[in-house]
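The chain contents come next:
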Amino acid sequence: MAIEHHAPPEHELDTIDINVNVGPQHPATHGVFRMVLTVDGEVVTDLDPVIGYMHRGNEKLPENCDYRQAIGYHDRTDYLAQFNTEHCYVEAVEKLTGLTPPDRAEYIRVILAEFNRISSHLMFLGAFGTDVGLFGTSFMYAFRDRETIQDMFEEVTGERMMFNYFRPGGVAWDLPDDFDELARGVLSQIKRGIKDIDGLMMDNEVVLVRCRGLSPVSREDAINWGLSGPMLRACGIQHDVRRADPYSIYDRFEFDIPVGEQGDVFDRMTVRFDEIKQSVRIIEQALDQISEGPIMVEGMKRILRAPAGEVYMRVESPRGEYGVYVVANGSDKPYRHKVRAPSFCNLSALRAMSIGQYVADVIVILGSIDIVLGEVDR
Amino acid sequence: MILGMIVDNVWLDALIRLGGVAMLVPLTVIVLTWVERKVMGRIQMRLGPMRVGPYGLLQGFADTIKLLTKEDLRPTTADRWVFELAPFAIVVPIIMALVTLPFTADILIRNLTLGLFYIVALQGLSIVGFVMAGWGSDNKYALIGGARAAAQLISYEVPFILSILAVAMVAGSLDIGIVVGSQDDTPFIAYLPLAFVIFMIAGLAELYRQPFDIPVAESEVVGGPFVEYSGIRWSMFQLGEFVGMVLISILASLIFLGGWQWPIGGDVPEWAQAVTMAIKTVAFILFFMWMRASLPRLRVDQLMAYCWQLLLPFAFLQIIINGLALAYDWPLWTLTVMSLIGAGALVYLTHRAARQSGVMNQPTGVSAQQVGSVL
Numbered sequence: 481m482a483i484e485h486h487a488p489p490e491h492e493l494d495t496i497d498i499n500v501n502v503g504p505q506h507p508a509t510h511g512v513f514r515m516v517l518t519v520d521g522e523v524v525t526d527l528d529p530v531i532g533y534m535h536r537g538n539e540k541l542p543e544n545c546d547y548r549q550a551i552g553y554h555d556r557t558d559y560l561a562q563f564n565t566e567h568c569y570v571e572a573v574e575k576l577t578g579l580t581p582p583d584r585a586e587y588i589r590v591i592l593a594e595f596n597r598i599s600s601h602l603m604f605l606g607a608f609g610t611d612v613g614l615f616g617t618s619f620m621y622a623f624r625d626r627e628t629i630q631d632m633f634e635e636v637t638g639e640r641m642m643f644n645y646f647r648p649g650g651v652a653w654d655l656p657d658d659f660d661e662l663a664r665g666v667l668s669q670i671k672r673g674i675k676d677i678d679g680l681m682m683d684n685e686v687v688l689v690r691c692r693g694l695s696p697v698s699r700e701d702a703i704n705w706g707l708s709g710p711m712l713r714a715c716g717i718q719h720d721v722r723r724a725d726p727y728s729i730y731d732r733f734e735f736d737i738p739v740g741e742q743g744d745v746f747d748r749m750t751v752r753f754d755e756i757k758q759s760v761r762i763i764e765q766a767l768d769q770i771s772e773g774p775i776m777v778e779g780m781k782r783i784l785r786a787p788a789g790e791v792y793m794r795v796e797s798p799r800g801e802y803g804v805y806v807v808a809n810g811s812d813k814p815y816r817h818k819v820r821a822p823s824f825c826n827l828s829a830l831r832a833m834s835i836g837q838y839v840a841d842v843i844v845i846l847g848s849i850d851i852v853l854g855e856v857d858r
Numbered sequence: 474m475i476l477g478m479i480v481d482n483v484w485l486d487a488l489i490r491l492g493g494v495a496m497l498v499p500l501t502v503i504v505l506t507w508v509e510r511k512v513m514g515r516i517q518m519r520l521g522p523m524r525v526g527p528y529g530l531l532q533g534f535a536d537t538i539k540l541l542t543k544e545d546l547r548p549t550t551a552d553r554w555v556f557e558l559a560p561f562a563i564v565v566p567i568i569m570a571l572v573t574l575p576f577t578a579d580i581l582i583r584n585l586t587l588g589l590f591y592i593v594a595l596q597g598l599s600i601v602g603f604v605m606a607g608w609g610s611d612n613k614y615a616l617i618g619g620a621r622a623a624a625q626l627i628s629y630e631v632p633f634i635l636s637i638l639a640v641a642m643v644a645g646s647l648d649i650g651i652v653v654g655s656q657d658d659t660p661f662i663a664y665l666p667l668a669f670v671i672f673m674i675a676g677l678a679e680l681y682r683q684p685f686d687i688p689v690a691e692s693e694v695v696g697g698p699f700v701e702y703s704g705i706r707w708s709m710f711q712l713g714e715f716v717g718m719v720l721i722s723i724l725a726s727l728i729f730l731g732g733w734q735w736p737i738g739g740d741v742p743e744w745a746q747a748v749t750m751a752i753k754t755v756a757f758i759l760f761f762m763w764m765r766a767s768l769p770r771l772r773v774d775q776l777m778a779y780c781w782q783l784l785l786p787f788a789f790l791q792i793i794i795n796g797l798a799l800a801y802d803w804p805l806w807t808l809t810v811m812s813l814i815g816a817g818a819l820v821y822l823t824h825r826a827a828r829q830s831g832v833m834n835q836p837t838g839v840s841a842q843q844v845g846s847v848l
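Listed in order, the protein sequences are those of chains C and B.
Residues in the first sequence are numbered consecutively from 481, following this note's numbering.
Residues in the second sequence are numbered consecutively from 474, following this note's numbering.
A couple of the hints might just be wrong.
To be verified - No more than 20 Å apart at the CA atoms, straight line, and that leaves these computed lysine to any residue pairs for SDA-like:
#1 B:Lys613 <-> C:Thr495
#2 B:Lys613 <-> C:Gly503
#3 B:Lys613 <-> C:Gln505
#4 B:Lys511 <-> C:Thr525
#5 C:Lys671 <-> B:Met518
#6 B:Lys613 <-> C:Phe619
#7 B:Lys613 <-> C:Val516
#8 B:Lys613 <-> C:Arg514
#9 B:Lys613 <-> C:Asp497
#10 C:Lys675 <-> B:Ser767
#11 B:Lys613 <-> C:Val530
#12 B:Lys613 <-> C:Glu522
#13 C:Lys675 <-> B:Lys539
#14 B:Lys613 <-> C:Asp526
#15 B:Lys613 <-> C:Pro529
#16 B:Lys511 <-> C:Phe619
#17 B:Lys613 <-> C:Val500
#18 C:Lys671 <-> C:Phe619
#19 B:Lys613 <-> B:Glu691
#20 B:Lys543 <-> B:Leu558
#21 B:Lys613 <-> C:Asn499
#22 B:Lys613 <-> C:Asp520
#23 B:Lys613 <-> B:Asn482
#24 B:Lys613 <-> C:Thr525
#25 B:Lys613 <-> C:Pro504
#26 B:Lys613 <-> C:Arg820
#27 B:Lys539 <-> B:Val508
#28 B:Lys613 <-> C:Val519
#29 B:Lys613 <-> C:Lys675
#30 C:Lys675 <-> B:Ala766
#31 B:Lys511 <-> B:Leu500
#32 B:Lys511 <-> C:Gly503
#33 C:Lys675 <-> B:Met518
#34 B:Lys613 <-> C:Ile496
#35 B:Lys613 <-> C:Asp494
Calculated directly from the structure, the hints in this document are not laboratory data.
Using the sequences and the accompanying hints, generate a full structural model.
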């Protein structure tokens, strides 16, 4: 145990640790996450995370749907990175069925998934500012830029949240005619907008004081805890599924993998911030390379049957390694369907990262993990 | 002289003036809540209240009516009298401090010869209300908030008082009238920039505003001592907060920016004095709102470390500088030079502490590697 409890000497006031219940309704828990803190004054001596308030059976339900119907459930797991999760699932089904989507569909998927990464990281930066104590200003600045992306998604898919746009074998329909112009406009807005966020968050002395050196995680611990995504890269490990195990067409793009130094909260924030810039790079290359062509495999049947077999597909979602494990038995439905949720795995390190920290810092540490409860509870 | 002596009877005169202030205070707060929301909205690229009245002007009144008619809840396990009296313990001292706070040479209730001392003493009293609310609510968030408020008060109050003391030394009096009167040519901010910087930082802490809104931290303790309050009692906390902001702003204008004297001099009509004061006060209020919208929150131990390790020594430095300059009758510009150097050093050290942080975030000396075994 981190904190040593000495028996109080005589003639001194005895103190007790109290339990503080944070959540499931609390402004800083990012949804319906609950943690029971044991605090000794301001210092947290124990933390008990309680999850499951948002469990909806997103892993079991697809087993009763055919392969196409299950796409919507992936929108609902990680509801801030819907395209990334859809991407993972449709790639898994394509691996099972042996479909190869046409080039244009792959480009559309990559462009939209990278835009979604930007939108998710902007959401993180905004919400994280609120956790550190900014009174909504970071939120409004981040949402100004995120809104342009969201509007673009609406233009493309007709939805703002549950897109349901990728299909095994391609995408549902083609992009709007003016998409290139639209996307480049959004990119220039983001490039301008992140400068404001840079000044407001990365260069803010109070943020520096609060976040630098807070709960550093060593490389060994990061690997042992199964961290992934920005949490892992903040520790200095250059692991990105887009590079380590290239899927889709990510091997065609040039991009850097930003890493941190000591894995503290500030590094996690800067890694995400730098990833926005890298995503912009990828999108710009993809917009230059994309060409006209079919968006769906020729001659798709109405009912998609996968031959018996199993597949594990993983992608780099904004929160880390998002994986889908599908077992097929030859019917039109998955026999077994399992999701590896990155924020669930990252969240498992919360207790070890929080013990010995101040109450105020636990909120910041939780914010820095960037959990999405839909994905943690599934 | 619009307010020389309203009626002949001294007591009646004081009562009328008190009544005037008592009516003005809620009105000011109602307007200020609207202003704050508009200013924050502006900074955050939104409109702020727009629905009630033109430009949402009546929003504050609508909110007040809502709060007045709302049910006044009390948790069954709360310590009844402590819980119910806590809002008064916060509001009453702050409003009492207004008794001796002049707005212009004649718009005031009563001038006391120990006015500055009186104001500082009453300002410090409102902490009792925070601790009462924190304890009486029987809520752990409130308890943590109340304890934080007490810890915070101890650390900011000393530099705060010392910075005011520096002013009193140069002016040679604790009487606010004399303090303002001695700033005819030059406001004290020119002689005491270091004291001004300390006053502003400690003042932010006094008001529990960002970056020092630690006791009421919305994202941690969800309002701290106020968490169990509703309706009229909650709005009294709000009242205390805003009146406190007005009080600090007026005080800062009076003792550092030359009050109604500078730059227009003493023998101008009453309205010119009032306008001068209003401009200065509003500037300070807007400064506090600006800070609120653009700074995150420090941690309570960081605030304490900052106050004890940086603000307090520099506040003493200002006192020593004052003592030297006044005892040896050095010209006042030497005071300016020394204080300016001190202010520069304080700002530099603050900046350096922020940039070289990282060590401060290891509260119990436990690294993640050590707690790895907990899993």
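Okay, the hints, checked on the actual structure:
A distance of roughly 15 Å separates the Cα atoms of Lys613 (chain B) and Thr495 (chain C); the hinted pair therefore holds under the 20 Å criterion. A C-alpha spacing of about 13 Å is found between Lys613 (chain B) and Gly503 (chain C), which places the hinted pair at or below 20 Å, so the restraint holds. The hinted pair formed by Lys613 (chain B) and Gln505 (chain C) meets the criterion: a straight-line CA distance of about 15 Å does not exceed 20 Å. Taking the CA atoms of Lys511 (chain B) and Thr525 (chain C), the gap is about 42 Å. The hint is violated against a cut of 20 Å.
Only pairs whose Cα atoms come within 20 Å are accepted, and Lys671 (chain C) paired with Met518 (chain B) is accepted, the gap being roughly 18 Å. Among the hinted pairs, Lys613 (chain B) with Phe619 (chain C) is inconsistent with the structure: their alpha-carbon atoms are about 28 Å apart, more than 20 Å. Distance hint between Lys613 (chain B) and Val516 (chain C) is fulfilled; the C-alpha atoms sit about 12 Å from each other, no more than 20 Å. Between Lys613 (chain B) and Arg514 (chain C) the CA atoms are separated by roughly 16 Å; this keeps the pair inside 20 Å, and the hint holds.
The hinted pair formed by Lys613 (chain B) and Asp497 (chain C) meets the criterion: a straight-line CA distance of about 11 Å does not exceed 20 Å. Taking the CA atoms of Lys675 (chain C) and Ser767 (chain B), the gap is about 15 Å. The hint holds against a cut of 20 Å. A hinted pair counts as satisfied when its Cα atoms are at most 20 Å apart, and Lys613 (chain B) with Val530 (chain C) qualifies at roughly 19 Å. Under the criterion of a C-alpha separation no larger than 20 Å, the hint pairing Lys613 (chain B) with Glu522 (chain C) is consistent with the structure, at around 12 Å.
Restraint check for Lys675 (chain C) and Lys539 (chain B): the C-alpha separation of about 41 Å exceeds 20 Å, so the hint is violated. Under the criterion of a C-alpha separation no larger than 20 Å, the hint pairing Lys613 (chain B) with Asp526 (chain C) is consistent with the structure, at around 16 Å. Distance hint between Lys613 (chain B) and Pro529 (chain C) is fulfilled; the C-alpha atoms sit about 18 Å from each other, no more than 20 Å. Of the supplied pair hints, the one linking Lys511 (chain B) and Phe619 (chain C) holds, its CA atoms being roughly 17 Å apart against a limit of 20 Å.
The suggested pairing of Lys613 (chain B) with Val500 (chain C) holds, with an alpha-carbon distance near 7 Å, which does not exceed 20 Å. Using a Cα cut-off of 20 Å, the hinted pair Lys671 (chain C) and Phe619 (chain C) holds, with the two alpha carbons roughly 17 Å apart. Pair hint Lys613 (chain B) plus Glu691 (chain B) holds up; C-alpha atoms about 14 Å apart against a cutoff of 20 Å. Only pairs whose Cα atoms come within 20 Å are accepted, and Lys543 (chain B) paired with Leu558 (chain B) is accepted, the gap being roughly 18 Å.
Our distance criterion of 20 Å between C-alpha atoms is met by Lys613 (chain B) and Asn499 (chain C), whose separation comes to about 8 Å. Distance restraint check for Lys613 (chain B) and Asp520 (chain C): the Cα-Cα separation of roughly 12 Å lies within the 20 Å cut-off, and the hinted pair is therefore satisfied. Taking the CA atoms of Lys613 (chain B) and Asn482 (chain B), the gap is near 51 Å; set against the 20 Å cutoff, the hint is violated. Between the alpha carbons of Lys613 (chain B) and Thr525 (chain C) the distance comes to roughly 16 Å, so the proposed pair stays at or under 20 Å and holds.
Pair hint Lys613 (chain B) plus Pro504 (chain C) holds up; C-alpha atoms about 16 Å apart against a cutoff of 20 Å. With a CA separation close to 36 Å, the supplied pair Lys613 (chain B) and Arg820 (chain C) exceeds the 20 Å bound. As the CA atoms of Lys539 (chain B) and Val508 (chain B) are separated by approximately 19 Å, the hinted pair is consistent with the 20 Å bound. Distance hint between Lys613 (chain B) and Val519 (chain C) is fulfilled; the C-alpha atoms sit about 10 Å from each other, no more than 20 Å.
Distance hint between Lys613 (chain B) and Lys675 (chain C) is unfulfilled; the C-alpha atoms sit about 40 Å from each other, more than 20 Å. With a C-alpha separation of about 18 Å, the suggested pairing of Lys675 (chain C) with Ala766 (chain B) holds against the 20 Å cut-off. The hinted pair formed by Lys511 (chain B) and Leu500 (chain B) meets the criterion: a straight-line CA distance of about 17 Å does not exceed 20 Å. Distance hint between Lys511 (chain B) and Gly503 (chain C) is unfulfilled; the C-alpha atoms sit about 31 Å from each other, more than 20 Å.
The straight-line distance between the Cα atoms of Lys675 (chain C) and Met518 (chain B) is roughly 16 Å, inside the 20 Å bound, and the hint therefore holds. With a CA separation close to 13 Å, the supplied pair Lys613 (chain B) and Ile496 (chain C) stays within the 20 Å bound. The suggested pairing of Lys613 (chain B) with Asp494 (chain C) holds, with an alpha-carbon distance near 18 Å, which does not exceed 20 Å.
Hint violations for this structure: numbers 4, 6, 13, 23, 26, 29 and 32, all remaining hints satisfied.
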